[in-house]
Amino acid sequence: MSSETRFIDFKSDKQPTWCPGCGDFGTMNGMMKALANTGNDPDNTFVVAGIGCSGKIGTYMHSYALHGVHGRALPVGTGVKMANPDLEVMVAGGDGDGYSIGSGHFIHAVRRNVDMSYVVMDNRIYGLTKGQASPTSREDFETATTPQGPKQPPVNPLALALSAGGTFIAQSFASDAQRHAELVQQAIEHDGFGFVNVFSPCVTFNDTDTYDYFRDNLTDLAETDHDASDFDQAKERILDGDSEYQGVLYQDENSVPYHEAHGVTEDMTEIPDGAPENATDLVREFY
Amino acid sequence: MPADFNWAIGGEAGDGIDSTGKIFARALSRAGRHVFTSKDFASRIRGGYTAYKVRTAIDPVESTVDRLDVLIALTQRTVDENLEELHEGSVIIYDGERTSMQDLEIPDGMVGMDVPLKSLAEDAGGAIMRNIVALGAACEVTDFPIEHLASSLEKRFGDKGQSIVENNKAAADLGAEFVEENYEAASAEFEYELETTDENYVLINGDEAIGMGALAAGCRFYSGYPITPATDVMEYLTGRLERYGGHVVQAEDELSAINMALGAARAGARSMTATSGPGIDLMTETFGLVAQSETPLVICDVMRSGPSTGMPTKQEQGDLNMTLYGGHGEIPRFVVAPTTIAECFWKTVEAFNYAEKYQTPVYLVSDLEMAVTEQTFPPEAFDMDEVEIDRGKLVDEDEVEEWLDEEGRFRAHAATEDGISPRAKPGTTDGAHMSTGLEHNELGRRTEDTEVRMEQVHKRERKVETAKEREDWSPREFGNPDADNLVVSWGSNEGTINEAMDLMDEDAPEFRFLSVPYLFPRPDLTEAFEAAEQVVVVECNATGQFADVLEHDTLQRVDRVNKYNGVGFKADELAAEITEVLQ
Numbered sequence: 001m002s003s004e005t006r007f008i009d010f011k012s013d014k015q016p017t018w019c020p021g022c023g024d025f026g027t028m029n030g031m032m033k034a035l036a037n038t039g040n041d042p043d044n045t046f047v048v049a050g051i052g053c054s055g056k057i058g059t060y061m062h063s064y065a066l067h068g069v070h071g072r073a074l075p076v077g078t079g080v081k082m083a084n085p086d087l088e089v090m091v092a093g094g095d096g097d098g099y100s101i102g103s104g105h106f107i108h109a110v111r112r113n114v115d116m117s118y119v120v121m122d123n124r125i126y127g128l129t130k131g132q133a134s135p136t137s138r139e140d141f142e143t144a145t146t147p148q149g150p151k152q153p154p155v156n157p158l159a160l161a162l163s164a165g166g167t168f169i170a171q172s173f174a175s176d177a178q179r180h181a182e183l184v185q186q187a188i189e190h191d192g193f194g195f196v197n198v199f200s201p202c203v204t205f206n207d208t209d210t211y212d213y214f215r216d217n218l219t220d221l222a223e224t225d226h227d228a229s230d231f232d233q234a235k236e237r238i239l240d241g242d243s244e245y246q247g248v249l250y251q252d253e254n255s256v257p258y259h260e261a262h263g264v265t266e267d268m269t270e271i272p273d274g275a276p277e278n279a280t281d282l283v284r285e286f287y
Numbered sequence: 001m002p003a004d005f006n007w008a009i010g011g012e013a014g015d016g017i018d019s020t021g022k023i024f025a026r027a028l029s030r031a032g033r034h035v036f037t038s039k040d041f042a043s044r045i046r047g048g049y050t051a052y053k054v055r056t057a058i059d060p061v062e063s064t065v066d067r068l069d070v071l072i073a074l075t076q077r078t079v080d081e082n083l084e085e086l087h088e089g090s091v092i093i094y095d096g097e098r099t100s101m102q103d104l105e106i107p108d109g110m111v112g113m114d115v116p117l118k119s120l121a122e123d124a125g126g127a128i129m130r131n132i133v134a135l136g137a138a139c140e141v142t143d144f145p146i147e148h149l150a151s152s153l154e155k156r157f158g159d160k161g162q163s164i165v166e167n168n169k170a171a172a173d174l175g176a177e178f179v180e181e182n183y184e185a186a187s188a189e190f191e192y193e194l195e196t197t198d199e200n201y202v203l204i205n206g207d208e209a210i211g212m213g214a215l216a217a218g219c220r221f222y223s224g225y226p227i228t229p230a231t232d233v234m235e236y237l238t239g240r241l242e243r244y245g246g247h248v249v250q251a252e253d254e255l256s257a258i259n260m261a262l263g264a265a266r267a268g269a270r271s272m273t274a275t276s277g278p279g280i281d282l283m284t285e286t287f288g289l290v291a292q293s294e295t296p297l298v299i300c301d302v303m304r305s306g307p308s309t310g311m312p313t314k315q316e317q318g319d320l321n322m323t324l325y326g327g328h329g330e331i332p333r334f335v336v337a338p339t340t341i342a343e344c345f346w347k348t349v350e351a352f353n354y355a356e357k358y359q360t361p362v363y364l365v366s367d368l369e370m371a372v373t374e375q376t377f378p379p380e381a382f383d384m385d386e387v388e389i390d391r392g393k394l395v396d397e398d399e400v401e402e403w404l405d406e407e408g409r410f411r412a413h414a415a416t417e418d419g420i421s422p423r424a425k426p427g428t429t430d431g432a433h434m435s436t437g438l439e440h441n442e443l444g445r446r447t448e449d450t451e452v453r454m455e456q457v458h459k460r461e462r463k464v465e466t467a468k469e470r471e472d473w474s475p476r477e478f479g480n481p482d483a484d485n486l487v488v489s490w491g492s493n494e495g496t497i498n499e500a501m502d503l504m505d506e507d508a509p510e511f512r513f514l515s516v517p518y519l520f521p522r523p524d525l526t527e528a529f530e531a532a533e534q535v536v537v538v539e540c541n542a543t544g545q546f547a548d549v550l551e552h553d554t555l556q557r558v559d560r561v562n563k564y565n566g567v568g569f570k571a572d573e574l575a576a577e578i579t580e581v582l583q
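Line by line, the protein sequences give chains D and F.
If you count the first sequence from 1, position 76 lands on 76 in UniProt numbering, and the numbers rise without skipping.
If you count the second sequence from 1, position 67 lands on 67 in UniProt numbering, and the numbers rise without skipping.
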């Protein structure tokens, strides 16, 4: 690890194909900045992404990375971190990837509390398939496949995380570069599963949840008396359906990450040339 | 004296049938006798008929037979279910004090031994030990030295405390004494005497052998989701894998299980998941990603009866086509199917080596009967000194240099001559790269360029060609090599076919027997087929999936012997069927 890593070191030479103005640019820049600020470099970093606009992130960043199947990025990240706890593992996804097809994995990754960070680019729409409702779309959000709206209330990812035992729950806004990078950095530095839901507007298909909408409606918790260590306060904010927040909603300061709690501390990638020295004992057990 | 002895305990699920059977099987193996066990169980936790059968002999045994010499019947149904296997002189041990057993009628010519199992167990310290009382009674009937049972009880209950062990030994003694006092004449006339030897044997089932193979091969990460009959692989590894610095995770589902295993493998660990057919269905999407991203991964499919939830606790070899062809697009893969329980160990070691040497997913295919059956082997069958680890083209910091392009980017999918690219595990300086399920160039970056697409398809296919040239994919050969007839099989049928050969009449047609452990790549049997007058393919499925594959390979028609009622082949039944087909 080098303390001199710059965010540009995490940038690949591949130009993003995201639409001009897409929130994902800001989201990714913040991720790279946070990785550099926490002293990581591309050779000790593993980025996992699923499918969708968010899934392209591994291509545009420079690190060890896997671009997986839809919704399964969190289990991949879990396996990477368990096999080599020395790696910095960051999982990126979108609202469809994380809260629809991958919602089961989301809840279980939260409660497993593996020491990695999870950044979700939440634009409240399916962009890459050209504009269908996502699990975080508003109930009356009209799209080609939901002309009367999804007819069901949106998923509240922060509430899911809190109820599953989340130990770090934050929300940021792609356009507020400074705060967003800070929050991702805090997620990386958190001992356990650091979850950041990022408002990352889709400028092509979502004309409701726009940059202007978030600018006008976002309350930064840093400017309030919010105490992130207070579970009840966090619960109240998270369940407040009328407000949009940016900042750390909840952090369990006593969080013990999975690998510490369960002794998964060894690098599993080094193995002997043959069976382990005491392997004959394995056979003797069956005498 | 009969060559072998067959014994069973049967009752309701929840009666402790499995653990009782295991205790007696181990007592026999500790006495230096060969053992082969089989289980009959239903997919429920309590109730429903369940049985544990043990065949034992001084010579190796590798299949079951339809014959019972001693039966411990905890329910009336146990007798009813096994009537055809009982014979004149068979002993049935039961508890006449049990309300439901009071009217038990012992068939003519058989010996009923009414032993108050529950009362005697209570005398020894608790009704729960009634099965152990029955085992003590069985020892007395068969003149089997009860100290071997005591030694097995010690192993089974040792970590629960010496008083538990002593109580169980007392229960066994009471059972033996009761038979001695009340059925002296009958047990003296009983024709079986279970002699003992000084041999040391390992008593192990297929799932355990796979788990042990994984540990020996350096597997460090296992993630799985419980499913019959693969769960024992996970149970075996849990706690043991941790001793070697590894970890077992029970994932939230099969999708997660294979993706976690994939993550660990990409990080550079030897990694595995195991499941059964329905789980393979769920894993198939990621299977494609594993292949396309060229990640070394061992995926174990312990087959059971399908399709859908089918008969989850019954035998079948119905997943061959799925493991050969499953997944959209065209996916290079290896499919390895051990043919005996000991081979479960060795093929697991091979599977890990193939996965890393060729950077592909490897299906390790076993089946229910092999998974739950316990068999004795000499310890040399698992000679740990023979285990070799080959990690393939894993490059270190220095070697990375020669695989960088002009801009210093690591060519993780370099189109090499042998189709195998260098592999840098995360943490290796200058090795950073992305892997993806998308078609990609040498750098791992997405492409739709037609030439690059062709180059990568050919590269991945070349790995299989390289493997075909470099490894030995021969079948295991038995029977008469010069016989006109050829019998071919795969998976767990090997032992049964070998026993069938021994059982066949002298005037029955002889055959050469090829047992095929490699399903892809697989041996080219064209010459063997051409040399044979008749070819019979034996497999536990309805359509003859392997027969189809071999007909395709060799352009020659074969005869088929199939079984798909949920029960595996029996040696005597196969002897008759093969004889009939070959005549």
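It is possible that part of the hints are untrue.
[To be verified] With a cut-off of at most 20 angstroms between alpha-carbon atoms, the simulated EDC-like pairs for lysine to aspartate or glutamate come out as follows:
1) K570/F with D482/F
2) K11/D with D430/F
3) K570/F with D502/F
4) K22/F with D242/D
5) K14/D with D103/F
6) K160/F with E139/D
7) K14/D with D430/F
8) K393/F with E285/D
9) K14/D with E406/F
10) K14/D with D405/F
11) K11/D with E406/F
12) K14/D with E62/F
13) K393/F with D273/D
14) K393/F with E471/F
15) K160/F with D103/F
16) K118/F with D108/F
17) K393/F with D383/F
18) K468/F with E417/F
19) K22/F with E62/F
20) K151/D with E139/D
21) K155/F with D242/D
22) K14/D with E448/F
23) K155/F with E270/D
24) K11/D with D390/F
25) K22/F with D103/F
26) K468/F with D390/F
27) K151/D with D242/D
28) K14/D with E439/F
29) K160/F with D18/F
30) K11/D with D449/F
By construction, these hints were calculated from the structure, which means they are not laboratory data.
Fair warning: this is a prediction, and the values are worked out from it, not measured in the lab.
Hint-by-hint comparison with the structure:
1. K570/F with D482/F: Given that 20 angstroms is the threshold and the Cα spacing comes to 26 angstroms, the pair is violated.
2. K11/D with D430/F: Measuring from Cα to Cα gives roughly 14 angstroms; hence the hint holds.
3. K570/F with D502/F: With a Cα-Cα distance of about 13 angstroms, the restraint between K570/F and D502/F holds, given a limit of 20 angstroms.
4. K22/F with D242/D: violated, 62 angstroms
5. K14/D with D103/F: violated, 82 angstroms
6. K160/F with E139/D: Given pair K160/F, E139/D is violated - Cα atoms ~58 angstroms apart, limit 20 angstroms.
7. K14/D with D430/F: Satisfied, since the Cα-Cα distance of roughly 17 angstroms is no more than 20 angstroms.
8. K393/F with E285/D: Violated. K393/F to E285/D sits at ~35 angstroms, over the 20 angstroms cutoff.
9. K14/D with E406/F: Holds. K14/D to E406/F sits at ~16 angstroms (cutoff 20 angstroms).
10. K14/D with D405/F: holds, 15 angstroms
11. K11/D with E406/F: Satisfied, since the Cα-Cα distance of roughly 18 angstroms is no more than 20 angstroms.
12. K14/D with E62/F: violated, 60 angstroms
13. K393/F with D273/D: With a Cα-Cα distance of about 14 angstroms, the restraint between K393/F and D273/D holds, given a limit of 20 angstroms.
14. K393/F with E471/F: holds, 16 angstroms
15. K160/F with D103/F: Roughly 37 angstroms separates the two Cα atoms, so the pair is violated.
16. K118/F with D108/F: violated, 26 angstroms
17. K393/F with D383/F: violated, 26 angstroms
18. K468/F with E417/F: This hinted pair holds, its Cα atoms lying about 15 angstroms apart.
19. K22/F with E62/F: holds, 17 angstroms
20. K151/D with E139/D: Holds, at roughly 5 angstroms.
21. K155/F with D242/D: Given pair K155/F, D242/D is violated - Cα atoms ~64 angstroms apart, limit 20 angstroms.
22. K14/D with E448/F: Roughly 15 angstroms separates the two Cα atoms, so the pair holds.
23. K155/F with E270/D: violated, 34 angstroms
24. K11/D with D390/F: Violated, at about 35 angstroms.
25. K22/F with D103/F: With Cα atoms ~29 angstroms apart, K22/F and D103/F exceed 20 angstroms; violated.
26. K468/F with D390/F: holds, 17 angstroms
27. K151/D with D242/D: holds, 18 angstroms
28. K14/D with E439/F: Within the cut-off at roughly 16 angstroms; holds.
29. K160/F with D18/F: holds, 18 angstroms
30. K11/D with D449/F: Between K11/D and D449/F the Cα gap is close to 24 angstroms, so the pair fails against 20 angstroms, i.e. violated.
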